[in-house]
Each structure stands twice: as C-alpha cells, then as structure tokens.
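Asker: Sequence:
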Amino acid sequence: MTKFGNVFITGANRGIGLGLVKEFAKQSDVQNIFAGCRDPNKAKELSDLQAAHPSIKIIQIDVQNDSTIKSAVTEVERILGPNSGLNVLINNAAILEKNSGQKLAEPDRKVWLQHFDVNTVSVAIVTAAFLPLLRKASAGDSPSKVVNISSTLGSTKLFPSFPKLFGLPDNIRGTKALAQHENIVYGMSKAALNHYTRALACDEPTLIAIAVCPGWVRTDMGGSDAMISVEDSTSALLNLIASLSQDQSGGYFSNQGNQQTFAPLEF
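First residue of the sequence shown: 1, per this note's numbering; consecutive thereafter.
Quick caveat, the hints were computed from the structure, so don't treat them as lab data.
Be aware that a few hints might be false.
As the list claims (entries may be wrong) - Distance condition first, Cα-Cα at most 20 Å in a straight line; then the derived DMTMM-like pairs of lysine to aspartate or glutamate:
(1) LYS22 with ASP232
(2) LYS3 with ASP29
(3) LYS70 with ASP39
(4) LYS44 with ASP62
(5) LYS26 with GLU231
(6) LYS57 with ASP39
No experiment lies behind these values; they were computed from the predicted model shown.
Sequences and hints are given; from them, build the entire structure.
Answerer: Structure follows, in structure tokens:
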C-alpha cells in the first residue's frame, strides 16, 4: 500500500502549504512533492528546501489562471512519466481579505467573488485538471486522495460558538457582532468548499475526498494570536491523510492540535 507516493500541494510557498512540504519531505515513502506556487522566483524558502530535498519539484501554478493549471498538469505528467499518477492532491491555496469589502454590512462584489473564486471555484478546476492522474494512481487498496483545506468557519452549525474566540459575547449579540466585524465571506466560501467535497466524493467513488480544518494556525492568514503552530498542524494533517479509509470519503475533519476528530459535514 502506498501511503503518500506522489503529492501535489497548492499554495506551497508559505504558511500551511510550506509546512506541508516540509513534513512530506521527512517521509520515506514520498516519491515526488510537487510544490505549487504562483511565482517560484519569489519562493526563496521553498527553493532552499528544494535544494536540500531532491524529491521537491517546484511547479508554477496560479489557481485563478486556467492556462497555468494546464501547464502544471503537463509538467507533472512529464516528471511522472507514462506509468505513474498522482496519489495525493492538497488544495491549500486560499485568501482571507482583512482590509475592506469582506464584512456583512459592507459587501464589495469584487472581494466576495474573489473569495469564492480562489477558495471554491479554483479548487474544483484544479481538481478536475488533475483527476486523470489521480485516477491513474488509484488502486483498490490504496485510493488516491483529494484533501481540501477548509475551515470550521464554514460550518453553519458551529458558527454561533465562534464569537468567544474573538472576545465577543457568547450569545446572539456576539454572533451579530462577529458577522459585522469579521470576514463573513471567507466562511461562506469554505461552506461551499465543504459542499463541493461531498459532491466530489459521490462522483468519484474510487478516490477519497475530504475537507479538513487545519486548526487556527499561526500564519500570515491566521495571525500571531492563533492557537496552533504550523508544525503541529501539518504533522497532524499528515497523520490524518495517512490513516484515511474509503468509508471516510466525503467527510469533514477538524484538526485539534495532534488530535484529529471526525464530524459530519455541516450545510
């Protein structure tokens, strides 16, 4: 059984994506780590990591640009050769606008559409482009895996409990304050991603497709007050990916440090 094999990660130049590249580089059963990023020339830390680990292949890909997605698939196919496929696809690239246009009372069409484009639509397009390679590698006892990095902010069921994380009253007034002051469209786009993940699992029964929240991680996006380090988050993610079974396809996973807990998708 191949645990990891050939892996592609989007948004691999920083944060959780870079952390995942580092974690996969430690694994003995990884053949190729395809680290996707928009501008390899600006990915110095990733380039330094590649120099120390020949298994890392930096691939230029802008998830909002269909031509670069097609070129990325072609490059991966060239490296793998005619007899190999992709074992793991991690859709990690995402945006979370913190400046303007993201609030419920002040929606900016361009900002909101950009969140859905990057966090939901681009995931579907990237995944569709890599499906032939994922299917090629998928075997009965070792199905290929699509891992969509989501967020508990995309859970409508859990949404009322979020205010206390931001120092707001843990009641409906706090929920209203959160809706007014935080990024609402990010969670909306992640809820749509969760829905897409379930649909993908139904449509591709020979693959395993999951959505997973990596936790509130100390990255540029998560901020310095976040609860979990990149190292703890990505280590837990690899443990989860390695242990996935077919009956968990379509599920949503919550990452609590080193502990992974399974919960049904919330729509």
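Asker: It remains to establish, for every hint, whether it holds in the given structure.
Answerer: These are the hints, each one checked on the structure:
For the given pair, LYS22 sits about 12 Å from ASP232 by alpha-carbon distance, which is consistent with the 20 Å threshold. A distance of roughly 7 Å separates the Cα atoms of LYS3 and ASP29; the hinted pair therefore holds under the 20 Å criterion. As the CA atoms of LYS70 and ASP39 are separated by approximately 16 Å, the hinted pair is consistent with the 20 Å bound. The suggested pairing of LYS44 with ASP62 holds, with an alpha-carbon distance near 17 Å, which does not exceed 20 Å.
Between LYS26 and GLU231, the direct Cα distance comes to roughly 12 Å. Compliance with the 20 Å bound is thereby established for this hinted pair. In summary, the hint linking LYS57 to ASP39 is supported, as the alpha carbons are separated by about 14 Å, within the 20 Å threshold.
Going down the numbered hints, you'll see the structure goes against none, and every one checks out.
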